[in-house]
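Residue numbers (this note's numbering), protein chains in the order written: chain A, 1 to 292; chain B, 1 to 657.
If you're looking for bench data, these hints aren't it; they were derived computationally from the structure.
Misleading hints may appear alongside valid ones.
[As the list claims (entries may be wrong)] If you want a taste of the chain B side facing chain A, the calculated C-beta under 7 Å gives, among others:
{"no.": "1", "residue": "Tyr67"}
{"no.": "2", "residue": "Leu165"}
{"no.": "3", "residue": "Leu267"}
{"no.": "4", "residue": "Trp301"}
{"no.": "5", "residue": "Gly434"}
{"no.": "6", "residue": "Lys459"}
[Unchecked claim] Every beta carbon over 10 Å from chain A, so not counted as near; a handful from chain B, in silico:
{"no.": "7", "residue": "Pro84"}
{"no.": "8", "residue": "Gln184"}
{"no.": "9", "residue": "Ala196"}
{"no.": "10", "residue": "Val553"}
{"no.": "11", "residue": "Asp582"}
Where is the CB? At the ideal position from N, CA and C, for every residue including glycine.
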Amino acid sequence: MTASPLYSGTQVSRVETPAAQGATELGVDPTEKDARGGRPRLGVFKFASCSGCQGVLLSCEDELLALADALEILYFPEASSHLQEEGPFDLALVEGSISAPEHLEQIQKIRARSKTLVTIGACATSGGIQALRNFGNLDDFVHRVYPRPEFIAALATSTAVAEHVKVDYELRGCPISKRQLLELITAILLGRRPEIRNESLCLGCKRYGYVCVTVAHGLPCLGPVTMNGCGALCPSVGRGCYGCFGPKEGANTEAMAQRMLQLGMSKDDVRNAFRFITGYAQAFREESARHE
Amino acid sequence: MTAPESSAAPLYRLEEAGLALLLEGLRRDGYRLVGPVVRDGAIRLQRIEGISDLPRGFVDEQAPGTYRLRSSGNGRLFACRPGPQSWKRHLFPPREPVVQLKRHGDSLEWRRPVVEDPPMAFIGVLPCDLAAIRIQDRVWMEGPFQETRYVARRRNTFIVAVNCLEPGQLCFCASMGTGPKAGQGFDVCLTELDGAFFLEVGSERGEAAVASLPLREASEEERRRLQESLKQARLRMGRTLETRGLGGTLFGNIEHPRWEEVAKRCLTCGNCTHVCPTCFCLNVRETGTLADGRQDRERFWDSCFSLDHSMIHGGYFRHTPKQRYRQWLTHKLGAWPSQFGTVGCTGCGRCIAWCPVGIDITEEATAIRKTSRGHVRMPQPRSAPVRAGDPLVPTPAQVKGVRQETPDTTTLWVEPTGPFHWKPGQFNMLSIPGVGDVPISISGQEGSGILHTIRAVGKVTRALTSLQPGALLGIRGPFGTSWPLRAVRGRIVTVVAGGIGLAPLRGAIRVMAAHPRHYPWVRLIYGARTPADLLYPEELELWRQLLHMEVEVTVDRATPDWTGNVGVVTKLLRAGRKVRPDGVYLVCGPEIMMMVVLEELRAAGVPEEHIYLSLERNMKCGAGFCGRCQKGPFFLCKDGPVFRYDRISFVFRHAGL
Ligand SMILES: Cc1cc2nc3c(=O)[nH]c(=O)nc-3n(C[C@H](O)[C@H](O)[C@H](O)COP(=O)(O)OP(=O)(O)OC[C@H]3O[C@@H](n4cnc5c(N)ncnc54)[C@H](O)[C@@H]3O)c2cc1C
Ligand code: SF4
Ligand code: SF4
Ligand code: SF4
Ligand code: SF4
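Bound-form chain A, shown alone (with noise of 0.2 Å):
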């Protein structure tokens, strides 16, 4: 209803969640029919990571024809050679982390050229395992680790593409979860609200039915306060969660971390549960440094 100035502020809590905590709102929808009236146009992208995400995304063989009817593959280097990289994209899915130099610039290009930027993966959303270079210092670990430094030119830290431009969706995971790009591209594809639920990882486990490891066995697990969305895959095999698809929204890091040394495990373990695939995201990159 009216959103008015003179009212806000109190009785309904207009909070925004932003799209690094996994907007349930698209920026811009793609289905509005552009001058051309064609089929919305795709490119995939990638920055610094596995291309494991990518590779969901050429998995889901059966949709995949539907979706090369449904979107015009302009930008895909990992599926195609025949390449358009200077768009306009209506939809730019967006593997990775901004971690060299160039990337800087190549993201801005992207966004430029994009109607919906969606980032997909760990790596894109939180600045990936490589982002375990932020909490130390680059030089030294470049110094240790190759024979030529002088060779590697990188960023001194790995961030998330949201920090760098704005982003309109996310998905999380590491890789992401195929059920969720599907649905995410058919959603944006239909013009309906992608059922992608910012909710703790532990409704997902029980609608499941899996027995709880932390209950049942005192394991620690990040479940809950990790986003729903793998399927609860480590659950399901009687591991604890270690929070591949990072931070749910108002995680409560600090209650959780209490449990973890209530189950006996150090500070020191405690800060790097938590400082893992997805550790330089912000409310789990927080929670570490209270166990340095």
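Following the hints, position chain B with the ligands against chain A.
Just chain B with the ligands, lined up with the frame of chain A:
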């Protein structure tokens, strides 16, 4: 629902071999047996073949946030207390189809998929869980609507209950009046004692199932021992909860500091709601993919700890952990009796064990009771007659005309299939196949067609507002309460509307405009964001010319050509005159606008019972099943959306409910 300790019902003794025969017999009769099974270190409720699958020799140890199975050192089959799963998973599955769409040429037909699973026999239903099934029956079966798939499963389900002689550390069924002896609702009830089973029959179906079993009447001594054991069990509850007046105490302490305190510990993970055998909140999603080309709809378990449970366009009613935890506790223990005539908690203890951080519902409720700062009177439950038909199945309707009202708002003129009776204030759920289903008020009638004025704010409303004449959509409804047009006859009526809030009021205004004899003096105060956002400008002009009507309009932000009022509606309300305490007020707009209007009316001495409001909440069903439209003890879909203010003021006053 108290379970009588001593009953004169016949009691039989059955040996274990006889129990095996009972299960075999049920299987032969076509039942799928479902019972407790040890898996992954806990008791799960799943398909079993016979008594060999039951958890013989196991018992659980439970504490807040902890559950362990261990050897019981005896051969009992039913020594385990509630585990992480409850029977609701089988009657109200975590995911299931709601409707399927079939297209026949140009026409649409939605169908409710029928339940095809064989009937189930639940083996080993604990007394608290039997009570939970009775509580869920109220939610799904006892009106105003029935959930047909639940009804289909439930009617066919055979229940073998088991009394509890060894309550656990987290059990408090005795406090809740649900155990340790099973209350109503079983077909057969067993008590496992001294290596045998004592059996009671609770239904004709149960009678038939035990007819050929080797039963022998229990001796007086056995009967006495059983009763003594149950009495002992009652005294050995690990937890207690004082329930007297608890609802009024919880709602009288909405601003209690304890909510903040528990919110620091709560992870908002929602485990408590998903293990709870009575929680029923659900969400609905469209399932079609590009590849399958279908446009079906499914529902799945949801929780008031999810942020989108309280979402409306532009924000959330409950975004803080405090607001979410408070919703859970006040609903379970406080609001439920007003909604369903029973508390929503059976005392099973699941939410305490399976909370990863061990938050204890009994401890939280007791803490608030002990430091209570106020008490309110809770409304009595109202029983509604069960209405025929399936409220979840849309019927097709056709768009006859479209009218763009403002840049973002469109009125659809829709022709439903068959006659359609509605009252001003009521709403429909409008469906666009493959896109979604949203609540929209009925804003008027034109010939046999109805009007819906829709502001495009999101996906479904955008799809609705881009429909063209001839297009098909789905309608469910009408739902909800209406404006009190009869009760306000002869009174001075002031209508206060903000933004799209004029749409639900237009039907009522039209009636009052057409009948000056019944409504001698009607004043409309209407506020919009800008002059371009004003709805129905010609109709406003028409009303303004009527002798018995006064129409005043204001905008938040004027444009250069605007010569009218600027500012909030309350400014108009009191402009140049006193707010009449004897008048009647009909109010609809953003909740914050209504708060300001109410404050103005209160200051002017208008009694609360002279004020009517229409509220907005997230809604997925319209029929009282999805749990999302709650405001304290009220469901907007069936108790509202139009409320007399005095009935809801004790909850409306508080943000975040
Ligand atoms: C009783 C009632 C009467 C209403 N009458 C009108 C009316 O006459 N005209 C009008 O323009 N609007 C009305 N609304 C508000 C309208 O329902 C929402 O604007 C609409 O649901 C938004 O859906 P969306 O898909 O376009 O938005 P999105 O933001 O894309 O999605 C929101 C989703 O949340 C769900 N939802 C359920 N209830 C609501 C809600 N109340 N607000 C927001 N989302 C909701 C829907 O499934 C919806 O798809 C009414 C709401 C209620 C509760
Ligand atoms: S359970 Fe946790 S770590 Fe495992 S896949 Fe899911 S989100 Fe990732
Ligand atoms: S609220 Fe807790 S104790 Fe009560 S029925 Fe639900 S899970 Fe059991
Ligand atoms: S609102 Fe009530 S029924 Fe729904 S999840 Fe919360 S406590 Fe359970
Ligand atoms: S009370 Fe416990 S189980 Fe429930 S949401 Fe909070 S932390 Fe999760």
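We went through each hint and held it up to the structure:
no. : hint   : verdict
1   : Tyr67  : 5 Å, holds
2   : Leu165 : 24 Å, violated
3   : Leu267 : 4 Å, holds
4   : Trp301 : 6 Å, holds
5   : Gly434 : 5 Å, holds
6   : Lys459 : 4 Å, holds
7   : Pro84  : 6 Å, violated
8   : Gln184 : 28 Å, holds
9   : Ala196 : 31 Å, holds
10  : Val553 : 14 Å, holds
11  : Asp582 : 28 Å, holds
In summary, the structure is inconsistent with hints 2, 7 from the numbered list given earlier, while agreeing with the others.
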